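J.: Residues per chain are reported as follows:
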Amino acid sequence: MAYTADGKTVEADEEGYLVNINEWSEGLAGEIAKAEQINMTPEHWEVVNFLREYYNEYQIAPAIRVLTKAITKKLGADKASNKYLYELFPYGPAKQACKIAGLPKPTGCV
Amino acid sequence: MSLLHTVSKSPFERTNLQSCLKLATPGSAILLYEDAVIGAMQGTALADLVADAAKSCKLHVLGPDLAARGLDASKVLPGIAVVDYAGFVDLAEQASAVQAWC
Amino acid sequence: MEEDMEAGVVKKFMYVNRKQPYGTVYALEVLEMVLISAAFDQDVHLVFTDDGVLQLKKGMDTAAIGMKNFSKTYRALEGYDIEKLYVDQESLDERGLSEDDLLVDVQVVSRAEMAKLMDDMDVILTA
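Protein chains in written order, with this note's numbering: chain A, 2 to 111; chain B, 6 to 107; chain C, 10 to 136.
Chain A extracted, bound-state conformation (with noise of 0.2 Å):
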């Protein structure tokens, strides 16, 4: 499947992953998000963003539970609980977020 932002047309996997993390940008992300079904709220974003750091940081979209920890220690642990996060990705955080943050499907089978 592909996704097109900003009049250019990007690749992505059956599962709607993109191929090429490079080509990611915050247009593509609405629309990765509307496919998705999801309104971006800057709550939405918060997570994004700092999926994208992570992946910066380690190369890899971290597991559901390495993700709240993480989100826990940075943004605290309101933003962190399982409610929270499926209450703005209904899918799967971890799975959801990292599509519309350009990643590769997360790491690990939870």
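None of these hints come from the bench; they were simulated from the model. Only a predicted model underlies this, so the values are computations on that prediction, with no experimental measurement involved. Treat each hint with caution, since some may be false.
[Said to hold, decoys possible] One side of the interface only, derived from the structure: several residues of chain B facing chain C at Cβ under 10 Å: (1) Ser15; (2) Glu18; (3) Ala41; (4) Ala52; (5) Asp53; (6) Asp89.
[Unchecked claim] For lysine to any residue, the following SDA-like pairs were computed, each having C-alpha atoms within a straight-line distance of at most 25 Å: (7) C:Lys67 to B:Tyr90; (8) C:Lys77 to A:Glu27; (9) A:Lys106 to C:Thr71; (10) B:Lys63 to C:Lys93; (11) B:Lys80 to B:Phe93; (12) C:Lys77 to A:Gln60; (13) B:Lys63 to B:Ala100; (14) C:Lys66 to B:Pro83; (15) C:Lys66 to B:Ser79; (16) C:Lys21 to C:Ala72; (17) B:Lys80 to C:Gly88; (18) A:Lys80 to C:Gly88; (19) B:Lys14 to C:Met76; (20) B:Lys60 to C:Glu103.
[As the list claims (entries may be wrong)] DEER-style ranges, computed between Cβ atoms: (21) B:Val103 to A:Gly8: 18 to 24 Å; (22) C:Asp52 to B:Leu28: 46 to 52 Å; (23) C:Met42 to B:Ser61: 32 to 38 Å; (24) C:Ile133 to B:Ser61: 26 to 32 Å; (25) C:Lys77 to A:Thr5: 22 to 28 Å; (26) A:Glu27 to B:Glu98: 47 to 53 Å; (27) A:Lys74 to C:Asp52: 22 to 28 Å; (28) A:Lys84 to C:Lys77: 33 to 39 Å; (29) C:Glu108 to B:Gly32: 16 to 22 Å; (30) C:Gln116 to B:Ala78: 39 to 45 Å; (31) A:Leu76 to C:Met130: 34 to 40 Å; (32) B:Ser7 to A:Gly28: 54 to 60 Å; (33) C:Ser119 to A:Tyr92: 46 to 52 Å; (34) C:Gln116 to B:Glu98: 46 to 52 Å.
The C-beta atom is built at its ideal place from N, Cα and C for all residues, glycine as well.
Use these hints to put chains B and C onto chain A, whose structure you have.
T.: Just chains B and C now, kept in the frame of chain A:
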């Protein structure tokens, strides 16, 4: 014209480099690349053996493979030249034949 | 399901890395296996010996070989609660390396100490 010997496997895992050094005749060229580049570094257990070979053969090591492994190109043994991909092609072009130790 | 795993037996796992990072795919495959297995809350030990010590070398730049530099991912292991990393001094010495050349905190042990540690494991996987 003489041979170009290419070695790509780690000398700490296989003995390709050691065998190559036994059979390379004086004046021939040797290029270490991929996992073999560790053999070009100073301070390893093989440094004396390789430095000795560099006196009679023309030793080279592939720069991009050093960089990928975080190995400092300024710390290769004396007598070993660091080359890039174009240099690799030049070496192959100048050789009578290529002996790939793999 | 999580309770089941917590109630289950915790085994001592050891992953032994013996190869350089980029010449073969083993190092990356072991790293991915370790990250995935972290979900099972076992007592994980990571050993870097022989050429495996080169997986932890600082300052890798893979741009020119067209491969992903996955060495930064070793620094994520702490977040996965994998904190028992061992390197043997002899392997460092043979390659002209020292502990300062490594990009993560490890326990540097002698080969004899590593041998003892290995004897104490329930499961050992080597690549």
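J.: Could you run down the list of hints and mark each one as holding or not?
T.: Cross-check of the supplied hints:
| no. | hint | verdict |
| --- | --- | --- |
| 1 | Ser15 | 5 Å, holds |
| 2 | Glu18 | 6 Å, holds |
| 3 | Ala41 | 8 Å, holds |
| 4 | Ala52 | 7 Å, holds |
| 5 | Asp53 | 12 Å, violated |
| 6 | Asp89 | 8 Å, holds |
| 7 | C:Lys67 to B:Tyr90 | 23 Å, holds |
| 8 | C:Lys77 to A:Glu27 | 24 Å, holds |
| 9 | A:Lys106 to C:Thr71 | 22 Å, holds |
| 10 | B:Lys63 to C:Lys93 | 44 Å, violated |
| 11 | B:Lys80 to B:Phe93 | 20 Å, holds |
| 12 | C:Lys77 to A:Gln60 | 9 Å, holds |
| 13 | B:Lys63 to B:Ala100 | 12 Å, holds |
| 14 | C:Lys66 to B:Pro83 | 22 Å, holds |
| 15 | C:Lys66 to B:Ser79 | 16 Å, holds |
| 16 | C:Lys21 to C:Ala72 | 37 Å, violated |
| 17 | B:Lys80 to C:Gly88 | 34 Å, violated |
| 18 | A:Lys80 to C:Gly88 | 18 Å, holds |
| 19 | B:Lys14 to C:Met76 | 18 Å, holds |
| 20 | B:Lys60 to C:Glu103 | 22 Å, holds |
| 21 | B:Val103 to A:Gly8: 18 to 24 Å | 48 Å, violated |
| 22 | C:Asp52 to B:Leu28: 46 to 52 Å | 48 Å, holds |
| 23 | C:Met42 to B:Ser61: 32 to 38 Å | 45 Å, violated |
| 24 | C:Ile133 to B:Ser61: 26 to 32 Å | 44 Å, violated |
| 25 | C:Lys77 to A:Thr5: 22 to 28 Å | 27 Å, holds |
| 26 | A:Glu27 to B:Glu98: 47 to 53 Å | 48 Å, holds |
| 27 | A:Lys74 to C:Asp52: 22 to 28 Å | 24 Å, holds |
| 28 | A:Lys84 to C:Lys77: 33 to 39 Å | 35 Å, holds |
| 29 | C:Glu108 to B:Gly32: 16 to 22 Å | 41 Å, violated |
| 30 | C:Gln116 to B:Ala78: 39 to 45 Å | 30 Å, violated |
| 31 | A:Leu76 to C:Met130: 34 to 40 Å | 38 Å, holds |
| 32 | B:Ser7 to A:Gly28: 54 to 60 Å | 58 Å, holds |
| 33 | C:Ser119 to A:Tyr92: 46 to 52 Å | 50 Å, holds |
| 34 | C:Gln116 to B:Glu98: 46 to 52 Å | 49 Å, holds |
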